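K.L.:
Protein chains in written order, with this note's numbering: chain P, 1 to 376; chain V, 1001 to 1376.
Hints were generated in silico from the structure; no laboratory data involved. Just so you know, nobody snuck in bad clues.
With a Cα cut of at most 16 Å, we get these calculated EDC-like pairs of lysine to aspartate or glutamate:
1. P:K322 with P:D296
2. P:K322 with V:D1119
3. V:K1322 with P:D119
4. V:K1173 with V:E1128
5. P:K364 with P:E256
All values reported here derive from a predicted model rather than from experimental measurement.
Residue-level listing of the chains:
2 protein chains.
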Amino acid sequence: MAGLTFTIAATDGAARTGAIRLARGIVRTPAFMPVGTAGTVKALYMDQVKALGADIILGNTYHLMLRPGAERVAALGGLHTFARWGGPILTDSGGFQVMSLAQLRKLDESGVTFQSHIDGATYTLTPERSLEIQALLDSDIRMQLDECIALPASRAEVERAMRLSLRWAERSKAAFGRPEGRALFGIVQGGDDAELRLESAAGLAAIGFDGYAIGGLAVGEPQDVMLQMLEVTMPALPATAPRYLMGVGTPEDIIESVKRGVDMFDCVMPTRAGRHGVAYTRFGKINLKNARHADDPRPLDETSDCPATRDYSRAYLHHLMKSGEMLGAMLLSWNNLAYYEGLMAAIRAAIAAAAYDDFRAETKAGWAAGDMPAHG
Amino acid sequence: MAGLTFTIAATDGAARTGAIRLARGIVRTPAFMPVGTAGTVKALYMDQVKALGADIILGNTYHLMLRPGAERVAALGGLHTFARWGGPILTDSGGFQVMSLAQLRKLDESGVTFQSHIDGATYTLTPERSLEIQALLDSDIRMQLDECIALPASRAEVERAMRLSLRWAERSKAAFGRPEGRALFGIVQGGDDAELRLESAAGLAAIGFDGYAIGGLAVGEPQDVMLQMLEVTMPALPATAPRYLMGVGTPEDIIESVKRGVDMFDCVMPTRAGRHGVAYTRFGKINLKNARHADDPRPLDETSDCPATRDYSRAYLHHLMKSGEMLGAMLLSWNNLAYYEGLMAAIRAAIAAAAYDDFRAETKAGWAAGDMPAHG
Chain P
1 MAGLTFTIAA TDGAARTGAI RLARGIVRTP AFMPVGTAGT VKALYMDQVK
51 ALGADIILGN TYHLMLRPGA ERVAALGGLH TFARWGGPIL TDSGGFQVMS
101 LAQLRKLDES GVTFQSHIDG ATYTLTPERS LEIQALLDSD IRMQLDECIA
151 LPASRAEVER AMRLSLRWAE RSKAAFGRPE GRALFGIVQG GDDAELRLES
201 AAGLAAIGFD GYAIGGLAVG EPQDVMLQML EVTMPALPAT APRYLMGVGT
251 PEDIIESVKR GVDMFDCVMP TRAGRHGVAY TRFGKINLKN ARHADDPRPL
301 DETSDCPATR DYSRAYLHHL MKSGEMLGAM LLSWNNLAYY EGLMAAIRAA
351 IAAAAYDDFR AETKAGWAAG DMPAHG
Chain V
1001 MAGLTFTIAA TDGAARTGAI RLARGIVRTP AFMPVGTAGT VKALYMDQVK
1051 ALGADIILGN TYHLMLRPGA ERVAALGGLH TFARWGGPIL TDSGGFQVMS
1101 LAQLRKLDES GVTFQSHIDG ATYTLTPERS LEIQALLDSD IRMQLDECIA
1151 LPASRAEVER AMRLSLRWAE RSKAAFGRPE GRALFGIVQG GDDAELRLES
1201 AAGLAAIGFD GYAIGGLAVG EPQDVMLQML EVTMPALPAT APRYLMGVGT
1251 PEDIIESVKR GVDMFDCVMP TRAGRHGVAY TRFGKINLKN ARHADDPRPL
1301 DETSDCPATR DYSRAYLHHL MKSGEMLGAM LLSWNNLAYY EGLMAAIRAA
1351 IAAAAYDDFR AETKAGWAAG DMPAHG
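All chains should be modelled from the sequences, with the hints used to inform the complete structure.
P.N.:
Structural data, given as structure tokens:
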């Protein structure tokens, strides 16, 4: 397969930095992909997302297939035209949201039938249909359909889902075909069981993909279990392919996962937290709804390049959130995505400088020191 | 009083165009003032508001006194610093929202006592306290406290409220003092009664204000009643002072009111309609929630300079509104304010060219012709 070219420019321990070359652009790694659920990164203009340094965004097959519909998006010129994002887009398979959002799911060997959470209409998602939808959206990186189960779960259940996901991986690759300049990733499953994770990784590597995702983590298990699974899985994946940890995570999750060799991340956290009044900063998480900010004329962080972070007082942000004003969500989503993308840029620079452990320690110390003392 | 300098550059019939010079900037008239209710023009960044050509915004005393509180805003450097708007700001007196939003109102000669719609706390608003709050906010144009009643109402009731408003006008002027570079407007009341309107206008002119507002219109009466009241009132107001029609209105209301000599407007309509999926355009009002737009790749108006109007497909806007995505409200509020501010610029140019009636007829014909035929 040659849907992408992945170049590793530097490594520092298991951490690596480089670039994924795709038909629509270059993704600097380690990369954080803002989540554009339904064709919009919530509360932000795409111009802002781009300016923050995001090279690639994620689109959710589940949401887009239900509304506005994949065939409609295709008729409108594909997801890039529809959502006005010219760079690379990764689409997930839809499987994860079917499990978490849809009603009346019925899963069997062929795929999953479910009712839309929007209007109750019945849909079927198979590996073939998922890849067909992703082709209609014309995403740059496409994901195999898998079954992602919540943890804790019995070993038998984890094993069953992992084996099914492997069989779906084969069908997904066949359904993907060989579209010019488009890439397909397989997804490692296996829950919190090292043996099953290794079986999954080996099975996927044998099938052969442009990149490998680690799924089924950050679904309720402790962070140390997640990191342990990464340590087990990474050596079993082809070193020359990009590795994508799905749905992760907090800034600390990202820092720890990069240390273990992960190249790509996505998470709704920066935009979701922003809508709920929480800011990610170099001082750690700050809840702007807290009354301590009500009279504070200082910005979140005067040293930032992001206008949302540097130019608006905490008192104003507090007021906007308490008043339910949309601008509050707009500014905090902007701040948070700026923080995430800035973190990724710093991570890449630290790896390139062979100083990742120092960077990691300093960043975590900054969070641990906490927010500046209250004003006045 | 000399809180402002008003220069009329050109007239065309009763319509006039010119500039109001204030300490914080120049307001080109006729002017539309975007409403920044609680220190934010909803769903827009202030940079966008400025770039659209707005010279002045409005802040609501009622909302700001309840949250975050006028004393707090003052301690934070005033409303301009708080909301990051460097140009002129007009604040209303709070009276209108007390009547429309607050609970358990008790009005007497001294003022009005009410309970906050947010937390039920009791507040008192008198002419003196309203001007004190507006001074704490440090707005550039301040409004007298008045009593605005809904129409229809009995003549006795309209007369009582108008006379009370006149007495409050005197007290407001005394309370205003003579702050350097700040202006005070009186408010004409009198409902739909020409005689009472004239008495109110004459009374205010005798007291003397920097500008004169027409209040108590667009509160439920037919448009022709509103325009008739303008025709009665305008000649009774000092021709050399700005005239502000409060809370108005639709683009057609504005065009008709300018013809009758109004210089300033404010209305929540562009941003409120935007949040509800309605776009103002040269084709008239367009409801983006309508299914006719679902497959339409065309923008709202490809001839516009506003990115929201020119660069986003109707299909995408439809999708965003149907999905409840914040970006939909952001884009349509942007489009709508662009339309309003563009309309004001065109109005000013038409008056300067002594071609206002032609402009008015062409603009109304464009609305009447309606939206472009459905796609495909």
